[in-house]
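A.B. asks: Protein chains in written order, with my numbering: chain A, 1 to 184; chain B, 1 to 165.
Note that these hints are calculated values from the structure, not bench results.
Be a bit skeptical, because a hint or two may be false.
Stated by the list, open to error - Quick list of simulated restraints, FRET-style, between CB atoms:
| no. | chain 1 | residue 1 | chain 2 | residue 2 | range |
| --- | --- | --- | --- | --- | --- |
| 1 | B | P34 | A | K119 | 37 to 43 Å |
| 2 | B | L125 | A | A52 | 46 to 52 Å |
| 3 | A | V6 | B | N136 | 17 to 23 Å |
| 4 | B | Q84 | A | D35 | 33 to 39 Å |
| 5 | A | G60 | B | S59 | 42 to 48 Å |
| 6 | B | S37 | A | G60 | 35 to 41 Å |
| 7 | B | I114 | A | K63 | 40 to 46 Å |
Claimed, not checked - Derived contacts from chain B toward chain A, CB cut-off under 10 Å, selection only:
| no. | residue |
| --- | --- |
| 8 | P60 |
| 9 | I63 |
| 10 | A64 |
| 11 | E65 |
| 12 | P92 |
| 13 | L110 |
| 14 | P112 |
| 15 | I114 |
| 16 | N136 |
To be verified - Simulated pairs of lysine to any residue, SDA-like, Cα-Cα distance not exceeding 25 Å:
| no. | chain 1 | residue 1 | chain 2 | residue 2 |
| --- | --- | --- | --- | --- |
| 17 | B | K128 | A | V5 |
| 18 | B | K134 | A | A14 |
| 19 | A | K158 | A | S135 |
Just so you know, even glycine gets a beta-carbon here, dropped at the ideal spot from N, CA and C.
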Amino acid sequence: MRRLVVPGLVIVAAAALLALLGFGVAHQGSDSSIDAAVRNGHLPMAPSANVALPVLGAAGTEKLANLRGKVVVLNVFASWCDPCKAEAPILEQEQRTLKGQDATILGVTYLDNSSDSEKFVRQQHISYPVVRDVSGNFVRSFGTTGVPETFVINRQGKIAALRRFQIDSKWLSQTLPAILAQKA
Amino acid sequence: MNRRRTAAAVAAIAAIAAAALAPATAMAAADTTPKASLTDIENDVMCVSCHEPLAVAQSPQAIAERNYVRTLIAQGQTKAQIEQALVGQYGPAVLGKPPAHGFNLTVYILPPLILIAGIGTLVLLLPKWRRRSKANAEARATVPEPSIATADAHRLDEELRRYGG
Chain A
1 MRRLVVPGLV
11 IVAAAALLAL
21 LGFGVAHQGS
31 DSSIDAAVRN
41 GHLPMAPSAN
51 VALPVLGAAG
61 TEKLANLRGK
71 VVVLNVFASW
81 CDPCKAEAPI
91 LEQEQRTLKG
101 QDATILGVTY
111 LDNSSDSEKF
121 VRQQHISYPV
131 VRDVSGNFVR
141 SFGTTGVPET
151 FVINRQGKIA
161 ALRRFQIDSK
171 WLSQTLPAIL
181 AQKA
Chain B
1 MNRRRTAAAV
11 AAIAAIAAAA
21 LAPATAMAAA
31 DTTPKASLTD
41 IENDVMCVSC
51 HEPLAVAQSP
61 QAIAERNYVR
71 TLIAQGQTKA
81 QIEQALVGQY
91 GPAVLGKPPA
101 HGFNLTVYIL
111 PPLILIAGIG
121 TLVLLLPKWR
131 RRSKANAEAR
141 ATVPEPSIAT
151 ADAHRLDEEL
161 RRYGG
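So here's chain A without its partners, still in its complex pose (with noise of 0.2 Å):
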């Protein structure tokens, strides 16, 4: 019997070891729950509503809490991105219809640094609101790994629509009119 102590407990640290290293695995992975829950018609609350993140370029900061009755077309991009440069005049171009009809664009910057963002932001002429997500916590909590990502957000604070990849005029036009004519 006490022959079988050392190698139990040799397999019992190994046993927590690989244990220890599937949670970190786990953990590292990508939160697909948003995507399936939106392909099934059961909308979540956007996540994170209430951190307040700062706004570029401009102090102060904005949640997306405070924009709740409004539809909000969220745009997860970085200014290294190509695909997000290629998105970004239809963005802007959408943001003009949207201001009327009480929805906007909310712009969130992701693994990027602040002078390359306003830069961006310049050379691109966008005019909706973009804050700065540092941590990436924010960005993380919708289960985004990579720029850019869209979602849409209705009046009621819930996704109602997402793309994990670059956006079109196609794909806005498709999607935006339904959640618009929604009432809060």
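Chain A is fixed; fit chain B onto it per the hints.
C.D. replies: Same frame as chain A, but now just chain B:
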């Protein structure tokens, strides 16, 4: 007339003071001597989008991050200041060594814990193993050599003699 003279004197003193302070001010403003090297920083920070050390990362984000580090080096910032600025822009994940809280604590706690456990196991087991091998050796030494019958002994001697042994 007196007032004008006084004003002129004040202006002259101000000009002299400004001239005396100018080199120091200029030195302070132009202190952009590099105090850190890109190589040194690249090895200690991460490319935040690709989760690799910046030194080996080649993604667009890594290139942007590297350019930002170059800008800070050119401004004469120290390594510590640059790392702090990087955390301000990209969050704590940019640091090669994760901050010691939450799940990250395992990085700091586990290796020494495993080392201590290993040493402890050896300290406990080594004397036991030594005692066991010593006991085995003693047991072997005390085993009597197999006896041989007298007739067989004579025959063996004869055989050995015959072969010149």
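A.B. asks: Now tell me if each hint is right for this structure.
C.D. replies: Status of the hints after comparison with the structure:
no., hint, in the structure
1, P34(B) to K119(A): 37 to 43 Å, "violated (24 Å)"
2, L125(B) to A52(A): 46 to 52 Å, "violated (57 Å)"
3, V6(A) to N136(B): 17 to 23 Å, "holds (19 Å)"
4, Q84(B) to D35(A): 33 to 39 Å, "holds (36 Å)"
5, G60(A) to S59(B): 42 to 48 Å, "violated (32 Å)"
6, S37(B) to G60(A): 35 to 41 Å, "holds (37 Å)"
7, I114(B) to K63(A): 40 to 46 Å, "holds (43 Å)"
8, P60, "holds (4 Å)"
9, I63, "holds (7 Å)"
10, A64, "holds (4 Å)"
11, E65, "holds (7 Å)"
12, P92, "holds (7 Å)"
13, L110, "holds (8 Å)"
14, P112, "violated (15 Å)"
15, I114, "holds (8 Å)"
16, N136, "violated (16 Å)"
17, K128(B) to V5(A), "holds (14 Å)"
18, K134(B) to A14(A), "violated (31 Å)"
19, K158(A) to S135(A), "holds (23 Å)"
Violation of the numbered hints given earlier is confined to hints 1, 2, 5, 14, 16, 18; the remaining hints are satisfied by the structure.
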